[in-house]
Amino acid sequence: EEVGVVWVVFAAQRERMFERLGAFFARERHADVPQRHVEDGEKLGTWLSRQRKRYAGRDLPEAERGGHAPLSDDEVRRLEEVG
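Numbering (the working numbering), first residue to last: 1 to 83.
Misleading hints may appear alongside valid ones.
[Unchecked claim] Now the in silico label distances, taken between C-beta atoms and shown as ranges:
id	residue 1	residue 2	range
1	29	67	25 to 35 Å
2	41	61	16 to 26 Å
3	41	81	30 to 40 Å
4	30	63	31 to 41 Å
Just so you know, these hints were derived from the structure itself, not from any lab. Yeah, the Cβ is synthetic: ideal placement off N, Cα and C, and Gly gets one too.
Use the sequences and the hints to build the structure in full.
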């Protein structure tokens with residue numbers, strides 16, 4: 001049960017970050033978020049940088065991913081929908 005609660009928190013945070021990315025894109029008309037950019041109190045630039053690393057790691061063996069879990073197909077689809 002406790003593990004499920006943690007995943008719910010992560011899922012909620014991920015949803016907030018996708019919302020922040022969508023807001024950034026709507027305002028700036030691009031998704032090239034600067035590394036240090038903060039959007040509504042959230043470190044959007046850091047989060048997006050981590051997503052890019054996770055995307056790059058999709059084709060790498062686990063030992064070479066640098067501790068990042070690869071993006072799921074759904075996460076890739078959602079990021080591509082934003083821009």
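Going down the list of hints, with the structure as the test:
1. As the Cβ distance of residue 29 to residue 67 is approximately 33 Å, the hint placing it in 25 to 35 Å holds.
2. Against the hinted window of 16 to 26 Å, the Cβ-Cβ separation of residue 41 and residue 61 comes to about 36 Å, which falls outside the hint.
3. Our hint of 30 to 40 Å for residue 41 and residue 81 is violated, since their Cβ atoms are close to 24 Å apart.
4. Checked against the hint of 31 to 41 Å, the C-beta distance between residue 30 and residue 63 comes to roughly 34 Å, which is consistent with it.
When the structure is compared with the earlier hints, violations turn up for hints 2, 3 and for no others.
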